[in-house]
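Working from the sequences, and respecting the hints, build out all of it.
So the protein sequences, as listed, match chains P and C.
Reminder that position 28 of the first sequence reads as 29 in the numbering used here, one-by-one numbering, no gaps.
Reminder that position 88 of the second sequence reads as 226 in the numbering used here, one-by-one numbering, no gaps.
Rather than coming from a laboratory, the hints here were simulated on the basis of the structure.
Keep in mind that a hint or two might mislead.
[Unchecked claim] Where chain P lies over chain C, by a calculated footprint (3+ residues, C-beta under 8 angstroms): (1) 215-226; (2) 242-251.
[Claimed, not checked] Anything over 12 angstroms on all C-beta distances counts as not near chain C; from chain P, calculated: (3) 29; (4) 84; (5) 101.
The C-beta atom is built at its ideal place from N, Cα and C for all residues, glycine as well.
Spelled out from the first residue to the last, the chains are:
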Amino acid sequence: EDKVVQSPLSLVVHEGDTVTLNCSYEVTNFRSLLWYKQEKKAPTFLFMLTSSGIEKKSGRLSSILDKKELFSILNITATQTGDSAVYLCAVGGAQKLVFGQGTRLTINP
Amino acid sequence: GAVVSQHPSRVICKSGTSVKIECRSLDFQATTMFWYRQFPKQSLMLMATSNEGSKATYEQGVEKDKFLINHASLTLSTLTVTSAHPEDSSFYICSAKRTGPYEQYFGPGTRLTVT
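So this is what it looks like as structure tokens:
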């Protein structure tokens with residue numbers, strides 16, 4: 002059965018800290034790994050990763066995929082209170098996405 | 139680009155009635171649309187995959203007669219919750235996939251409350 006596991010499930014840090022969120026997976030017919038940010042409504046797309054070792058960056062957020070060890074990390078540097086959200090990792094198989102449980106990140110001022 | 143809308147955003151209905159939720163891709167044609175359900179503090183659970191012009195593929199444990207999905211065009215899919223019960227109360231989110239890169243774009247979600 003396809004499985005995506007995120008850790009930690011919950012994380013509370015102070016503004017300005019750097020955080021690393023983890024996502025490991027076991028999926029048949031792997032196509033891509035996606036990161037989403039979910040605040041009060043539906044998830045918003047952050048990154049899609051398909052190749053190992055190539056870092057994707059967007060401002061203070063970056064992510065990388067290791068297809069040999071079957072995991073990805075999402076880094077957020079110089080965190081701000083607006084980064085508080087649930088971060089979802091999803092892995093795309095042949096047709097559908099399988100989601101992890103999410104990491105609830107809280108940034109305290 | 140890649141905007142997906144959902145309507146309504148919030149609905150309250152009585153037990154036993156049916157509710158229809160619409161999902162539209164506004165600026166692209168979606169070959170495939172997906173319907174998810176999310177309970178409080180839980181992740182998204184895929185309910186069904188909907189391809190334009192064909193029958194939806196339901197995930198194990200999802201009743202196809204209860205959750206009717208219609209994908210009439212490349213920009214519209216609907217989910218009808220029939221004979222709703224309080225345990226159907228949840229956040230329903232659709233997503234749409236373009237051809238090409240495997241990215242799903244999510245609608246804003248519909249919060250269904252069945253009283």
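Against the structure, the hints come out as follows:
1. Chain P is given as covering the stretch 215-226 of chain C, and this is violated because 0 residues of the stretch bring a CB closer than 8 angstroms to a CB of that chain, at least three being needed.
2. Only residues whose beta carbon comes within less than 8 angstroms of a beta carbon in chain P count, and the stretch 242-251 of chain C has 6; three or more means the coverage holds.
3. Interface exclusion of residue 29 of chain P from chain C stands, the closest Cβ pair being 15 angstroms apart, more than 12 angstroms.
4. Every Cβ of chain C is farther than 12 angstroms from the Cβ of residue 84 of chain P; the closest lies at roughly 19 angstroms, confirming the non-interface assignment.
5. With a least beta-carbon separation of about 6 angstroms from chain C, residue 101 of chain P fails to lie farther than 12 angstroms from that chain, contradicting its non-interface assignment.
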